[in-house]
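Protein sequences appear in the order of chains R and S.
Those letters in the first sequence? Residues 279 to 625, by my numbering.
Those letters in the second sequence? Residues 279 to 625, by my numbering.
Derived from the structure by calculation, the hints contain no laboratory data.
It is possible that some hints are incorrect.
One copy or any two copies: either way a pair holds, since identical chains are not told apart in the list.
[Unchecked claim] When the alpha-carbon atoms are kept at most 25 Å apart in a straight line, the in silico DSS-like pairs for lysine-lysine are as follows:
id, residue 1, residue 2
1, Lys283, Lys625
2, Lys304, Lys500
3, Lys567, Lys304
4, Lys506, Lys522
5, Lys400, Lys625
6, Lys506, Lys470
7, Lys546, Lys577
8, Lys567, Lys577
9, Lys298, Lys567
What you are looking at is a predicted structure, and each value in this text was computed from that prediction instead of being measured.
One-letter residues, chain by chain:
Number of protein chains: 2
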Amino acid sequence: MENVKIVIWGFGAMGSGMAKMLLNKKGVDIVGVCDRNEKRVGKSMYEVLGAERGDRPEVIINDNIEEVLTEGCCDVCICATDSFTEKAFPRLKFALERKVNVISTAEEMAYPQAQNPELAKKLNEIAKENGVSILGTGINPGLIMDLLVVCLTGCMVDVEHVEAERVNSLSPFGEAVMEEQGVGITVDEFDKGVKDGTLAGHVGFSESIKMIGDAIGWDVEKIEQQMKPIVTSIDRKSPYGFAKAGNVAGVNMTGQGHVDGDVKINMKHPQQIEPEMEGTHTGDYIRIKGTPEVNMSIKPEVEGGLGTIAMCVNMIPHVINADSGLKTMLDLPVPRAIMGDMRNFIK
Amino acid sequence: MENVKIVIWGFGAMGSGMAKMLLNKKGVDIVGVCDRNEKRVGKSMYEVLGAERGDRPEVIINDNIEEVLTEGCCDVCICATDSFTEKAFPRLKFALERKVNVISTAEEMAYPQAQNPELAKKLNEIAKENGVSILGTGINPGLIMDLLVVCLTGCMVDVEHVEAERVNSLSPFGEAVMEEQGVGITVDEFDKGVKDGTLAGHVGFSESIKMIGDAIGWDVEKIEQQMKPIVTSIDRKSPYGFAKAGNVAGVNMTGQGHVDGDVKINMKHPQQIEPEMEGTHTGDYIRIKGTPEVNMSIKPEVEGGLGTIAMCVNMIPHVINADSGLKTMLDLPVPRAIMGDMRNFIK
Numbered sequence: 279m280e281n282v283k284i285v286i287w288g289f290g291a292m293g294s295g296m297a298k299m300l301l302n303k304k305g306v307d308i309v310g311v312c313d314r315n316e317k318r319v320g321k322s323m324y325e326v327l328g329a330e331r332g333d334r335p336e337v338i339i340n341d342n343i344e345e346v347l348t349e350g351c352c353d354v355c356i357c358a359t360d361s362f363t364e365k366a367f368p369r370l371k372f373a374l375e376r377k378v379n380v381i382s383t384a385e386e387m388a389y390p391q392a393q394n395p396e397l398a399k400k401l402n403e404i405a406k407e408n409g410v411s412i413l414g415t416g417i418n419p420g421l422i423m424d425l426l427v428v429c430l431t432g433c434m435v436d437v438e439h440v441e442a443e444r445v446n447s448l449s450p451f452g453e454a455v456m457e458e459q460g461v462g463i464t465v466d467e468f469d470k471g472v473k474d475g476t477l478a479g480h481v482g483f484s485e486s487i488k489m490i491g492d493a494i495g496w497d498v499e500k501i502e503q504q505m506k507p508i509v510t511s512i513d514r515k516s517p518y519g520f521a522k523a524g525n526v527a528g529v530n531m532t533g534q535g536h537v538d539g540d541v542k543i544n545m546k547h548p549q550q551i552e553p554e555m556e557g558t559h560t561g562d563y564i565r566i567k568g569t570p571e572v573n574m575s576i577k578p579e580v581e582g583g584l585g586t587i588a589m590c591v592n593m594i595p596h597v598i599n600a601d602s603g604l605k606t607m608l609d610l611p612v613p614r615a616i617m618g619d620m621r622n623f624i625k
Numbered sequence: 279m280e281n282v283k284i285v286i287w288g289f290g291a292m293g294s295g296m297a298k299m300l301l302n303k304k305g306v307d308i309v310g311v312c313d314r315n316e317k318r319v320g321k322s323m324y325e326v327l328g329a330e331r332g333d334r335p336e337v338i339i340n341d342n343i344e345e346v347l348t349e350g351c352c353d354v355c356i357c358a359t360d361s362f363t364e365k366a367f368p369r370l371k372f373a374l375e376r377k378v379n380v381i382s383t384a385e386e387m388a389y390p391q392a393q394n395p396e397l398a399k400k401l402n403e404i405a406k407e408n409g410v411s412i413l414g415t416g417i418n419p420g421l422i423m424d425l426l427v428v429c430l431t432g433c434m435v436d437v438e439h440v441e442a443e444r445v446n447s448l449s450p451f452g453e454a455v456m457e458e459q460g461v462g463i464t465v466d467e468f469d470k471g472v473k474d475g476t477l478a479g480h481v482g483f484s485e486s487i488k489m490i491g492d493a494i495g496w497d498v499e500k501i502e503q504q505m506k507p508i509v510t511s512i513d514r515k516s517p518y519g520f521a522k523a524g525n526v527a528g529v530n531m532t533g534q535g536h537v538d539g540d541v542k543i544n545m546k547h548p549q550q551i552e553p554e555m556e557g558t559h560t561g562d563y564i565r566i567k568g569t570p571e572v573n574m575s576i577k578p579e580v581e582g583g584l585g586t587i588a589m590c591v592n593m594i595p596h597v598i599n600a601d602s603g604l605k606t607m608l609d610l611p612v613p614r615a616i617m618g619d620m621r622n623f624i625k
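Make the full structure from the sequences, and use the hints.
Quick look at the structure:
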């Protein structure tokens, strides 16, 4: 059997991180990389990664996807370019029409049924027409605040209320994330950014809430979310971020899913740089009321960057094995690390 | 669409617990119960459960499986009669040949490939010949020390070592479990029971270890396990158990999976009555070394009886939806609570 062939579209922190991970796995080759960043275009992928090429064929980063992604040129195209389904859609469509399976890192694509049911339907149709499958995944949405919740309800006779809390540190992240999450700005600037929609905060509550609801058979009738600044009382500094005392060190996102007139799904997701400096301990928490109750914690939290990289790479065999159409994490077997030859995971 | 139809074979604590759970779910009917206990045979299932029958048809507990389980009489037969694959095999074969899907509570059936690869192959063939599927599941093996471990490796780039620890209380369990686990006997009696094989302790380490290995691509070359008495220094009393100071309050099971010459999978499972009396706090712990590390805890532990009942019932739709053959928890989508009409979970 030939090695599994992967094309990576988007070579930022996520795309390049997946490339590094893939270079350490057996039975899989990266056969193409598309990226538009001028610093990277025309260079060797290995040079950009600072990795040994060995006897592997050269991969030159190309900004023209038409040249990189030709019909059936790979088994899976990992599309690490967007956060929103609507923006990702033309790219995903392009890839599916090249008759390759697709994994998207776009947060909304973890459950596009939640906010873009029409586009979800179209993606399903396009994938089926081309005999391939498409999945959106990542650490969150994708695992921590949704799939893991669903999995833990599996040992419950009855579920009354779900709470998922992810208290994480933004310190490992780069400048783009600092900007997106408002790290270092004033409270006034933060409020303005929330009002005019320039501050995204965490993307994924609607997806996680709807995924949980659909999985266990709760009809979620309304989803709300709030976004508040985490104001630091001391100066905080991370490798790529700085928040002066009185300014914003991060974002406290909260969300609620209403079922039968009550809030039955609660999401809490404060993310900030250097949380320990003011006594906040990071962790992932799932508290499910019902029979029997389940109180789970992961301390510290699963690191977001590495977690997303791993989830996308580890789902490659499941996406290849799946029948055609739009898939979600609810449809496929549980994710798992790939420690052996990737070809052994293909049915 | 008609309601989902279930036959329950074995009406002890597990089988009757599943019946109680099913009576509270929508879109599913229990159409037959087979049990050989004289106290139950010939009685109404509702009477035995102490449940309201309402306008549901009567179900009389019958000791003749030939009468209860006829060809295609139900969608799923839950077989809650055994712990070991070899002992369960003739019953499972009988059910599959009646062209119904099967869920087995036998611990070894959670991964029969581990200790009975020949029987696993046969079950796969029989299921395929009859166009149905068969799954073994439960709380452990089935979720806590295997599937949940596998799921958490999904967010990891690299896995170096897995440790799963389940510290649970035997206090909620009845006389049969007290006897199986040696609660109340002397240390000498315990040692004798281990030697002559009359004390089973926890059944499932081989299954959990092999399931994890196969899932992530580790070739497990050797599995070892140990069984030691938990000796109490004070008198401990639970509803169905009593251990005098100096005697056995439970069993400390440990197991190891060897990969590439090293122990890479470690299992620890001390189970005893009234653990808190000597300062032992119950909980489920998964510690995975690698990148990133994952340290999970569930406190207190997921209750074993309810957990097994829920896992078996919640997997009903997945087993109906599966293509034919022997399935394991690794092959199917993640378990999930069934809070809506069960028919909505069928594809």
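* **Violations among the numbered hints** => Hints that this structure does not satisfy do not exist here, as all of them hold.
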